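Protein chains: 2
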Amino acid sequence: MSDDTDHDDSEPDRTAREQPTDPTPAPADEQAFTVTPYAVEGSIDYEKLLERFGAEPLTTDQVDRFPDRPAIRRGFFYAGRDVDRYLEAAESGDPHAIVTGRGPSGSMHLGHVLPLYLAKHLQRETGATVYVPLSDDEKFLAKEGSLESIGEHTRDNLRDILAVGFDPERTRIVVDTVDADLIYPLAVRLADYLTPATVDAVYGQQGTVGLQFYPAVQAAHLLLPQLVAGRQPTLVPVAIDQDPHVRVCRDVAARESLPVEKPGALLGRFLPSLEGPGKMSTSGNAPSIGLADDPETVAATIRDHAYTGGRATLEEHREKGGDPSVDVPFQYLRYCFEPDDDDLERIAERYRAGDLLSGELKEIAIDRITDFLAAHQRRREELGELATELEPYRLTDAERRRALERAGVPSVLEG
Amino acid sequence: MSDDTDHDDSEPDRTAREQPTDPTPAPADEQAFTVTPYAVEGSIDYEKLLERFGAEPLTTDQVDRFPDRPAIRRGFFYAGRDVDRYLEAAESGDPHAIVTGRGPSGSMHLGHVLPLYLAKHLQRETGATVYVPLSDDEKFLAKEGSLESIGEHTRDNLRDILAVGFDPERTRIVVDTVDADLIYPLAVRLADYLTPATVDAVYGQQGTVGLQFYPAVQAAHLLLPQLVAGRQPTLVPVAIDQDPHVRVCRDVAARESLPVEKPGALLGRFLPSLEGPGKMSTSGNAPSIGLADDPETVAATIRDHAYTGGRATLEEHREKGGDPSVDVPFQYLRYCFEPDDDDLERIAERYRAGDLLSGELKEIAIDRITDFLAAHQRRREELGELATELEPYRLTDAERRRALERAGVPSVLEG
Numbered sequence: 001m002s003d004d005t006d007h008d009d010s011e012p013d014r015t016a017r018e019q020p021t022d023p024t025p026a027p028a029d030e031q032a033f034t035v036t037p038y039a040v041e042g043s044i045d046y047e048k049l050l051e052r053f054g055a056e057p058l059t060t061d062q063v064d065r066f067p068d069r070p071a072i073r074r075g076f077f078y079a080g081r082d083v084d085r086y087l088e089a090a091e092s093g094d095p096h097a098i099v100t101g102r103g104p105s106g107s108m109h110l111g112h113v114l115p116l117y118l119a120k121h122l123q124r125e126t127g128a129t130v131y132v133p134l135s136d137d138e139k140f141l142a143k144e145g146s147l148e149s150i151g152e153h154t155r156d157n158l159r160d161i162l163a164v165g166f167d168p169e170r171t172r173i174v175v176d177t178v179d180a181d182l183i184y185p186l187a188v189r190l191a192d193y194l195t196p197a198t199v200d201a202v203y204g205q206q207g208t209v210g211l212q213f214y215p216a217v218q219a220a221h222l223l224l225p226q227l228v229a230g231r232q233p234t235l236v237p238v239a240i241d242q243d244p245h246v247r248v249c250r251d252v253a254a255r256e257s258l259p260v261e262k263p264g265a266l267l268g269r270f271l272p273s274l275e276g277p278g279k280m281s282t283s284g285n286a287p288s289i290g291l292a293d294d295p296e297t298v299a300a301t302i303r304d305h306a307y308t309g310g311r312a313t314l315e316e317h318r319e320k321g322g323d324p325s326v327d328v329p330f331q332y333l334r335y336c337f338e339p340d341d342d343d344l345e346r347i348a349e350r351y352r353a354g355d356l357l358s359g360e361l362k363e364i365a366i367d368r369i370t371d372f373l374a375a376h377q378r379r380r381e382e383l384g385e386l387a388t389e390l391e392p393y394r395l396t397d398a399e400r401r402r403a404l405e406r407a408g409v410p411s412v413l414e415g
Numbered sequence: 001m002s003d004d005t006d007h008d009d010s011e012p013d014r015t016a017r018e019q020p021t022d023p024t025p026a027p028a029d030e031q032a033f034t035v036t037p038y039a040v041e042g043s044i045d046y047e048k049l050l051e052r053f054g055a056e057p058l059t060t061d062q063v064d065r066f067p068d069r070p071a072i073r074r075g076f077f078y079a080g081r082d083v084d085r086y087l088e089a090a091e092s093g094d095p096h097a098i099v100t101g102r103g104p105s106g107s108m109h110l111g112h113v114l115p116l117y118l119a120k121h122l123q124r125e126t127g128a129t130v131y132v133p134l135s136d137d138e139k140f141l142a143k144e145g146s147l148e149s150i151g152e153h154t155r156d157n158l159r160d161i162l163a164v165g166f167d168p169e170r171t172r173i174v175v176d177t178v179d180a181d182l183i184y185p186l187a188v189r190l191a192d193y194l195t196p197a198t199v200d201a202v203y204g205q206q207g208t209v210g211l212q213f214y215p216a217v218q219a220a221h222l223l224l225p226q227l228v229a230g231r232q233p234t235l236v237p238v239a240i241d242q243d244p245h246v247r248v249c250r251d252v253a254a255r256e257s258l259p260v261e262k263p264g265a266l267l268g269r270f271l272p273s274l275e276g277p278g279k280m281s282t283s284g285n286a287p288s289i290g291l292a293d294d295p296e297t298v299a300a301t302i303r304d305h306a307y308t309g310g311r312a313t314l315e316e317h318r319e320k321g322g323d324p325s326v327d328v329p330f331q332y333l334r335y336c337f338e339p340d341d342d343d344l345e346r347i348a349e350r351y352r353a354g355d356l357l358s359g360e361l362k363e364i365a366i367d368r369i370t371d372f373l374a375a376h377q378r379r380r381e382e383l384g385e386l387a388t389e390l391e392p393y394r395l396t397d398a399e400r401r402r403a404l405e406r407a408g409v410p411s412v413l414e415g
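Taken in sequence, the protein lines are chains U and L.
If you number the first sequence the way full-length UniProt numbering does, the last residue is 415 and the count never jumps.
If you number the second sequence the way full-length UniProt numbering does, the last residue is 415 and the count never jumps.
Please keep in mind that the hints were generated in silico from the structure rather than gathered at the bench.
Predicted model, so just to flag it, every value in this text is computed and none were measured.
Among the clues, some could well be false.
[Stated by the list, open to error] Covered, in the sense of this in silico footprint (three residues per stretch, anywhere, with C-beta under 8 Å from a C-beta of chain L), are these stretches of chain U:
#1 142–156
#2 160–172
[Claimed, not checked] From chain U, some residues computed to sit far from chain L (all C-beta separations above 12 Å):
#3 E47
#4 L182
#5 D355
#6 T396
#7 S411
[What the hints assert, rightly or not] Every beta carbon over 12 Å from chain U, so not counted as near; a handful from chain L, in silico:
#8 K143
#9 E148
#10 A191
Even glycine gets a Cβ: it sits at the ideal position worked out from N, Cα and C.
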C-alpha cells in the first residue's frame with residue numbers, strides 16, 4: 001500500500017487503498033472486547049458473547065420456522081432466548097408480540113431501520129403485535145444531547161418509524177416522555193425489584209440516578225405487550241449489546257407477581273461498519289448510510305468508504321480473487337438486500353474468482369440500497385402532520401387502563 | 001411510681017402513672033440521634049440539627065413578618081432557608097408559593113394535616129399559591145405498602161387534603177402516578193444532575209433504583225410552582241427530617257439552567273408523640289390522633305396515652321405543680337390550638353402552680369382538638385365524588401405545557 005490519504009476514483013486503486021493491513025484479525029479473547037448497552041469496544045467474538053451472556057444459538061429448526069428473511073436465514077440474527085415459545089404462538093395463531101425500540105439520539109441510519117423492517121415482515125406473515133418504544137429519556141440522561149435536540153430527533157425518527165408501514169391495528173409506538181402517564185407508573189412497579197447493585201452489575205456504574213432508574217423503564221417497554229393485551233410470548237430482536245436490557249427484564253418478570261411471561265430475545269450481530277468490522281454507529285467517526293441520504297450521497301459514501309475484500313491491485317484481484325466474507329457491500333447483500341440464494345452465491349463466486357471487482361460489487365449494493373431508501377423516503381414524504389399520523393399507533397385510553405390494571409397500579413381517580 | 005400497667009380512670013392517679021422517670025433528658029450529642037427522610041432515631045437536638053444541616057434559625061423579625069400563627073410565633077417552625085425572599089414577595093404582593101407534600105402510606109393524623117392548615121392560612125393572608133404533591137411512588141418504593149393499599153390511602157388522603165379548604169384558584173394537588181405525564185419528564189430533566197453518589201451521601205444507600213431516582217421526582221415537586229408560573233420564591237414548610245429533599249433540590253436548582261430560584265424552607269420540629277418527645281408517627285407503636293377519629297376516641301387516646309408534666313401523686317402535684325414544657329397536651333395548645341397568649345400563659349401558670357391537674361389540662365386539649373376535627377370532618381363529609389372534587393385543583397393542560405416548556409422538555413407531538 002503506497003498512499004492512503006490521497007483518494008483516487010479509479011476502481012482498482014481505490015480498492016487497493018481500502019485493503020486493510022490485516023484482514024483476518026485474531027479472535028478476540030475474553031478481555032479484548034467490551035459489550036454493554038453503553039459501550040462496544042474491541043473486536044467482537046459473537047460466540048464468546050453468547051457464552052458470556054448465557055443465550056442460546058438459534059437452531060436450524062428455529063431458523064426454518066421463522067418467516068423467511070435473509071437476516072434470519074443467513075445468520076445475522078444468530079441467537080436468542082425463549083425463541084421456541086414465540087414460534088409456537090406464531091405458528092398456532094396465538095397472540096405474540098415483538099418489541100423493537102429506538103434511542104432517538106440522532107437521525108436514523110440503515111442499521112437502525114432494518115430491525116423495524118424485520119418486525120414489519122414478521123407482523124405481516126404471522127400477525128405479530130409490534131411495539132416500538134422510543135427512549136428519549138435515556139438518550140438525554142446518557143448525555144447524548146440536550147432535551148431539545150433529542151426532541152427534534154424523536155420527531156424525525158418517528159417519521160422514519162411511521163414510514164416503515166406497520167399495520168396500525170397491530171402496532172403501538174410509545175415515547176417515554178410523551179407516554180409517561182403509563183410508562184412511569186409501570187416502571188415504578190418494576191423498579192421495586194431492581195436494586196442499585198443489580199443495575200451496576202449489569203450495566204456498570206451509572207452517572208446519574210436517571211440512568212440508574214432507566215432499566216425499570218426498559219423493563220416496562222418489554223412487558224408492555226403483555227400488560228396491555230395479556231400474557232403472550234414476546235420477542236425482542238436486538239443487537240447483542242442490548243441483551244442486558246432483556247436479561248434484566250426477564251429477571252424482573254420472573255420475580256414479579258405479574259400476569260406476564262419472560263420476554264424472549266432474538267439476538268443479532270452488529271451491522272458491520274462501512275469501514276470494517278464492529279458496530280455501525282453515527283456517534284463514532286465511521287461514515288454511515290442515513291435514511292435521508294439521496295442516491296448520490298449513498299453512492300459516494302459506499303464508493304469512498306466501504307471496506308472491501310478486494311485485492312491491493314487490479315492484477316492481483318483478477319488473479320487471486322476477492323474475499324466476500326469480509327466485504328461490507330457483500331454483507332449488506334447477504335443479510336438484507338439479496339434474498340435469492342442462487343443470485344447471492346453467483347455474486348460470491350464471481351468475486352472469489354476475480355471476475356467481479358470490488359467497485360462492481362459496490363455498485364450492486366448501491367443499487368439495492370438506493371432502491372430500498374427511495375421506497376422508504378417516498379413513504380416518509382407521503383406522511384402528513386406528525387401527531388395525526390401517529391394517532392392510530394398510540395395506545396388508547398382503554399389500553400393504558402388495562403396495562404396499569406394488570407400491573408396492579410390502582411386508578412386513584414376512579415371508583 | 002408504683003404500677004404503670006394497670007390503668008385507673010381517676011385523675012390524680014393517671015397523672016401519677018404518666019410521670020416519666022426522667023422528665024429532662026440530657027441533650028443528645030452528635031452521635032446520639034439520626035435524622036434522615038427515612039429514619040428518625042434518638043432524642044432530637046434541634047439546634048444541633050440546624051448546624052448539621054446548615055439551615056438558619058428564624059429571626060424575631062422574620063417571625064413577626066409572617067402572618068400570625070401559633071406554630072410560627074411560638075417556635076414550632078424554628079428555622080429556614082431563604083425565608084426573607086419569601087417574606088419580601090408575600091409582603092409586596094409578588095407571586096410566591098408554598099409546597100407541602102404528603103406521602104400516602106396510611107391514613108392521616110393530626111401531625112400530617114397541621115402544615116396544610118398553616119399553608120391554607122398563609123394562602124388566605126398573602127395569596128400564596130399552594131402545591132400539594134402526593135408521593136405515592138415513593139411510598140410504594142420505600143415498601144410502605146402495596147400499590148393497591150397505597151392507592152387506597154392516596155384516595156383517602158386526597159379527601160383530607162381537599163377538606164382543608166384551600167382556594168382552588170391558587171392551589172394545585174399533584175399525585176405522582178396520576179400526573180406522571182408531567183412529573184416524570186421534569187424528574188428526568190432534573191435527574192441529569194443527580195449522581196448516585198450524591199443521593200447516597202444525602203439519603204444513605206437506597207434499596208431500589210426507584211428510591212434512588214425519587215429525589216429527582218421530589219425536586220420536580222419543589223420546582224413545580226416556578227415551572228408552572230415563573231420564577232418566584234417558594235417556601236417548603238416541612239419537619240426538619242425532610243430538609244435533605246429541599247437541600248438536594250436547591251443544589252439541582254442552582255446547577256440547572258432553569259428559570260427558577262432555589263426553593264426556600266420553613267423547618268419545623270416534630271409534633272411530639274403523644275407518649276413523649278420524638279416524632280409523631282403512625283408507623284411506630286405510638287398511638288396518635290387520626291383525622292377520622294370520633295370525639296370519644298380522641299378523648300380516650302389523650303386520656304390514656306398523653307405524656308404529661310404532672311407529678312406522681314395528686315398531693316405532690318398540688319404542692320409542687322406541673323411542668324408545661326414537657327406536657328404534650330400543653331404543647332398542642334401552645335403550637336396549634338390556643339392562639340391567645342394570655343389564655344395560654346394563664347393555663348401554664350395554673351399548671352405550674354398545681355391548680356390545674358394533668359387530667360384537666362388534657363380535657364382542654366381534647367375540647368380544642370375535637371372541635372378542630374369536627375370542622376375538618378364536616379368539610380370532608382360534604383365532599384362529593386373524588387375526581388370531581390379534585391378537578392379544580394388539578395394542573396390544567398396549559399399549565400402542564402408551560403411547565404414542560406420552562407423545563408426545556410420539548411413537545412414532541414406539536415409543531
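Each hint tested on the structure:
1. For the stretch 142–156 of chain U, the stated coverage by chain L is satisfied: 9 residues place a CB nearer than 8 Å to a CB of that chain, which reaches the threshold of 3.
2. Only residues whose beta carbon comes within less than 8 Å of a beta carbon in chain L count, and the stretch 160–172 of chain U has 0; fewer than three means the coverage is violated.
3. For E47 (chain U), the condition that its CB be more than 12 Å from all CB atoms of chain L holds, with the nearest at approximately 32 Å.
4. Non-interface status of L182 (chain U) relative to chain L is broken: a Cβ of that chain comes within 12 Å, the nearest being about 8 Å off.
5. D355 (chain U), annotated as away from the interface, keeps every beta carbon of chain L farther than 12 Å; the closest lies near 51 Å.
6. Non-interface status of T396 (chain U) relative to chain L is upheld: no Cβ of that chain comes within 12 Å, the nearest being about 16 Å off.
7. For S411 (chain U), the non-interface assignment is contradicted: its Cβ lies about 8 Å from the closest Cβ of chain L, within the 12 Å cut-off.
8. The Cβ of K143 (chain L) sits about 8 Å from the closest Cβ of chain U, inside the 12 Å cut-off, so the non-interface label is violated.
9. Distance check for E148 (chain L) against chain U: the nearest CB is about 5 Å away, which does not clear 12 Å, and the non-interface claim fails.
10. The beta carbon of A191 (chain L) is not kept farther than 12 Å from every beta carbon of chain U, the shortest such distance being approximately 3 Å.
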